[in-house]
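> Please put together the full structure from these sequences, using the hints given.
2 protein chains.
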Amino acid sequence: MSQFAAKRLAVVGLGLIGGSLAKALRETGCVEHIRAYNRSAQSLQFALQQGIIDQACSSIGQLCEGLEAGDVLVLGVPVLAAGPVLEQLHPAVEAGVTITDVGSTKSWLVAEAERVFGEAPSNLVPAHPIAGSEQYGVEASRADLFRAHRVILTPHANCGASHLERVRELWLACGAGIDEMTPERHDEVLGATSHLPHVLAYILVDLLCSMEQRGEVLRYAAGGFRDFTRIASSDPTMWRDIMIANREAISSRIDEYEQHLDRLKAALEDESAEAIQEIFERAQATREAFLKQSEQSS
Amino acid sequence: MSQFAAKRLAVVGLGLIGGSLAKALRETGCVEHIRAYNRSAQSLQFALQQGIIDQACSSIGQLCEGLEAGDVLVLGVPVLAAGPVLEQLHPAVEAGVTITDVGSTKSWLVAEAERVFGEAPSNLVPAHPIAGSEQYGVEASRADLFRAHRVILTPHANCGASHLERVRELWLACGAGIDEMTPERHDEVLGATSHLPHVLAYILVDLLCSMEQRGEVLRYAAGGFRDFTRIASSDPTMWRDIMIANREAISSRIDEYEQHLDRLKAALEDESAEAIQEIFERAQATREAFLKQSEQSS
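From first to last, the protein sequence lines stand for chains A and B.
First residue of the first sequence? That's 0 in numbering that gives the first Met the number 0, and the numbers climb one at a time after it.
First residue of the second sequence? That's 0 in numbering that gives the first Met the number 0, and the numbers climb one at a time after it.
If you're looking for bench data, these hints aren't it; they were derived computationally from the structure.
Among the hints, erroneous ones may be present.
The list cannot tell twin chains apart, which means a pair is met if one copy fits it or any two copies do.
Unchecked claim - Listed next, the in silico DMTMM-like pairs over lysine to aspartate or glutamate satisfying Cα-Cα at most 25 Å (straight line):
{"no.": "1", "residue 1": "Lys264", "residue 2": "Asp254"}
{"no.": "2", "residue 1": "Lys6", "residue 2": "Glu294"}
{"no.": "3", "residue 1": "Lys291", "residue 2": "Glu118"}
{"no.": "4", "residue 1": "Lys291", "residue 2": "Glu277"}
{"no.": "5", "residue 1": "Lys6", "residue 2": "Glu168"}
{"no.": "6", "residue 1": "Lys6", "residue 2": "Glu113"}
{"no.": "7", "residue 1": "Lys291", "residue 2": "Asp226"}
{"no.": "8", "residue 1": "Lys264", "residue 2": "Glu211"}
{"no.": "9", "residue 1": "Lys6", "residue 2": "Glu93"}
{"no.": "10", "residue 1": "Lys264", "residue 2": "Glu133"}
{"no.": "11", "residue 1": "Lys6", "residue 2": "Glu280"}
{"no.": "12", "residue 1": "Lys6", "residue 2": "Asp53"}
{"no.": "13", "residue 1": "Lys6", "residue 2": "Glu133"}
{"no.": "14", "residue 1": "Lys6", "residue 2": "Glu164"}
{"no.": "15", "residue 1": "Lys264", "residue 2": "Glu64"}
{"no.": "16", "residue 1": "Lys6", "residue 2": "Glu183"}
{"no.": "17", "residue 1": "Lys264", "residue 2": "Glu280"}
{"no.": "18", "residue 1": "Lys264", "residue 2": "Glu183"}
{"no.": "19", "residue 1": "Lys291", "residue 2": "Glu113"}
{"no.": "20", "residue 1": "Lys291", "residue 2": "Glu280"}
{"no.": "21", "residue 1": "Lys291", "residue 2": "Glu211"}
{"no.": "22", "residue 1": "Lys291", "residue 2": "Glu179"}
{"no.": "23", "residue 1": "Lys264", "residue 2": "Glu277"}
{"no.": "24", "residue 1": "Lys291", "residue 2": "Asp234"}
Written out as structure tokens, the structure reads:
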């Protein structure tokens with residue numbers, strides 16, 4: 000069981016993840032007061048009406064008013080917006096407040112914190128909950144979004160142990176499992192398992208929609224296509240940011256992907272049924288192993 | 000309502016599709032006797048015990064014994080096996096029996112029929128039910144697999160009108176909707192909507208399983224990855240056959256895909272957030288339109 004308890008939770012950027020975190024912590028009863036600031040006032044009003052938050056703030060300044068040591072401030076904004084938000088937090092938040100985020104790339108956040116603060120501050124704990132959906136916005140938020148999901152904490156060199164522990168407890172309270180790795184390692188691994196698949200799905204739909212037979216093509220797209228491209232319904236702005244922030248790792252993965260694709264193309268040109276089957280069988284076996292592993296761990 | 004009724008249904012290759020077709024027609028009561036031949040005797044015994052078929056045949060010769068005009072013979076074998084099966088059917092089946100198939104590529108079948116029969120026979124009606132699953136084998140078959148799904152009929156130049164009509168009625172009886180196009184057009188369209196996505200999913204898993212951090216990578220693969228790669232759990236033999244049989248269309252689609260991927264790569268290299276967002280927004284909008292369209296048609 001988690002020991003997490005806090006007087007105040009403050010959320011900048013109340014989307015699917017920020018909203019779900021507020022709901023999850025509200026449900027546990029371990030936070031007394033939840034406040035949020037969001038660029039779109041509509042999301043804030045919705046959250047207020049639904050009782051997801053107690054206070055809708057009209058500025059980051061107001062959000063930071065009266066925050067004390069022990070309170071937690073969560074960045075729920077798209078990855079590239081984190082830097083500008085940190086600039087505003089820098090003069091406004093006292094050092095005892097734990098600052099954490101939920102972004103899908105981590106080295107970028109640390110670099111931005113170094114730019115803004117001189118060095119990454121000890122109260123900043125970069126984190127990434129591996130949960131989500133192609134849906135987005137606070138309207139789609141769910142209290143159980145993180146239950147039985149992994150959250151990766153990526154402490155930087157200057158990260159304070161007590162702040163790290165606090166963020167760990169926060170996520171445990173939401174029912175998540177915790178892992179830890181460096182920001183660089185995180186970006187490598189997620190570049191392969193999450194960012195690359197999103198690229199591939201977006202590009203497939205991009206190709207189909209450029210085809211002359213576009214209408215016919217979509218008419219005969221079946222369930223496999225629907226599942227395959229589900230992630231291409233994800234928020235374009237959020238994913239644009241991830242692309243830019245994790246540019247190098249993603250570029251490397253795309254290059255490697257094309258090399259593997261070219262190997263299949265060569266096998267096709269040679270009509271080498273054996274080589275094709277070998278690739279497919281290895282992939283199928285790997286995926287089955289993945290499914291077995293995720294059943295065991297859930 | 001469908002007018003379909005037949006004395007005998009004969010199935011060569013009792014997998015997911017052949018088995019589901021037998022179950023669906025059995026449920027409607029419009030077929031008196033269902034017989035099947037399959038390379039694996041185990042599948043036949045299973046189907047016999049489950050009452051999916053009335054007779055398990057030990058050879059294609061036995062399967063064809065006593066078939067009469069008005070009976071229907073269905074090829075449920077992998078695409079590349081259809082030619083060799085047609086060679087055995089050629090001397091054994093009388094011309095009044097309607098022969099149809101369920102394969103995912105159509106030009107190949109017509110070419111094989113021309114090779115075996117001299118010209119594609121009038122009683123051969125190529126068909127492709129756009130339904131399936133990453134599961135396979137008769138054990139996974141379901142009577143409702145085709146309900147509210149499209150079946151594409153791809154008549155060749157010599158196709159007999161009465162046989163075409165018969166196959167149309169057969170699929171209507173299973174609850175499917177019917178479309179018609181040329182074999183070539185079918186292979187173009189399905190190359191984009193089905194074959195290419197399978198390639199992309201297999202190759203993604205192939206890449207991940209070749210990575211040094213393979214274990215870690217799979218550990219952090221989340222729901223998006225699971226959906227994206229579902230089709231990489233499909234039968235490798237079946238898909239190897241589809242690759243070979245629709246080689247040219249698939250190669251072209253892969254080339255086009257790489258061109259679109261390269262455009263994204265260039266935008267990444269230029270750090271052009273705008274170009275990236277444009278691609279993602281177009282893809283997202285296209286997929287949403289696809290979802291709306293498929294809701295309306297189902």
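> Now tell me, hint by hint, if it's right for this structure.
Quick rundown of the hints versus the structure:
In the homo-oligomer, the alpha carbons of lysine 264 and aspartate 254 lie at most 25 Å apart both inside one protomer (15 Å) and across protomers (9 Å), since each shortest distance falls under that limit. Taking CA atoms no more than 25 Å apart as the test, lysine 6 paired with glutamate 294 passes in neither setting, with 37 Å inside one copy and 46 Å between copies. In this homomeric assembly, lysine 291 and glutamate 118 never come within 25 Å of each other (Cα to Cα): the closest approach is 42 Å inside a single copy and 49 Å across copies. Taking identical chains as interchangeable, the C-alpha atoms of lysine 291 and glutamate 277 lie at most 25 Å apart only when both belong to the same chain, with a minimum of 21 Å there against 38 Å between chains.
Taking CA atoms no more than 25 Å apart as the test, lysine 6 paired with glutamate 168 passes inside one copy only; the shortest distance there is 14 Å, against 68 Å between copies. Neither within a single protomer nor between protomers do lysine 6 and glutamate 113 lie at most 25 Å apart by alpha-carbon distance, with minima of 28 Å and 79 Å respectively. Taking the closest pair of Cα atoms, lysine 291 and aspartate 226 come within 25 Å of each other both inside a single copy (20 Å) and across two copies (15 Å). In this assembly of identical chains, lysine 264 and glutamate 211 lie within 25 Å of each other by CA distance both inside one copy and across copies; the values are 23 Å within and 24 Å between.
In this assembly of identical chains, lysine 6 and glutamate 93 lie within 25 Å of each other by CA distance solely inside one copy; the values are 15 Å within and 83 Å between copies. Taking identical chains as interchangeable, the C-alpha atoms of lysine 264 and glutamate 133 lie at most 25 Å apart only when they sit on different chains, with a minimum of 23 Å there against 31 Å within one chain. Taking the shortest alpha-carbon separations for lysine 6 and glutamate 280, neither the intra-copy value of 54 Å nor the inter-copy value of 40 Å comes in at or below 25 Å. Only within a single protomer do lysine 6 and aspartate 53 lie at most 25 Å apart by alpha-carbon distance; the minimum there is 12 Å, versus 71 Å between protomers.
Taking the shortest Cα distances, lysine 6 and glutamate 133 never come within 25 Å of each other, neither inside one copy (32 Å) nor across copies (49 Å). Taking CA atoms no more than 25 Å apart as the test, lysine 6 paired with glutamate 164 passes inside one copy only; the shortest distance there is 17 Å, against 73 Å between copies. For the identical chains of this complex, lysine 264 and glutamate 64 are neighbours neither inside a copy (60 Å) nor across copies (43 Å), given an alpha-carbon limit of 25 Å. Taking the closest pair of Cα atoms, lysine 6 and glutamate 183 never come within 25 Å of each other, the shortest separation being 33 Å inside a single copy and 67 Å across copies.
Only within a single protomer do lysine 264 and glutamate 280 lie at most 25 Å apart by alpha-carbon distance; the minimum there is 16 Å, versus 29 Å between protomers. Taking identical chains as interchangeable, the C-alpha atoms of lysine 264 and glutamate 183 lie at most 25 Å apart only when they sit on different chains, with a minimum of 21 Å there against 32 Å within one chain. With identical chains, the CA atoms of lysine 291 and glutamate 113 are never at most 25 Å apart, being 41 Å at best within one copy and 45 Å at best between copies. Proximity of lysine 291 and glutamate 280 under a CA criterion of 25 Å is satisfied intra-copy only: 16 Å inside one chain copy versus 35 Å between copies.
Within a single copy, lysine 291 and glutamate 211 get their C-alpha atoms only as close as 41 Å, which misses the 25 Å cut-off; across copies the closest is 20 Å, which meets it. Proximity of lysine 291 and glutamate 179 under a CA criterion of 25 Å is satisfied intra-copy only: 23 Å inside one chain copy versus 41 Å between copies. In this assembly of identical chains, the alpha carbons of lysine 264 and glutamate 277 lie at most 25 Å apart only when taken from the same copy (14 Å versus 29 Å across copies). Within a single copy, lysine 291 and aspartate 234 get their C-alpha atoms only as close as 30 Å, which misses the 25 Å cut-off; across copies the closest is 18 Å, which meets it.
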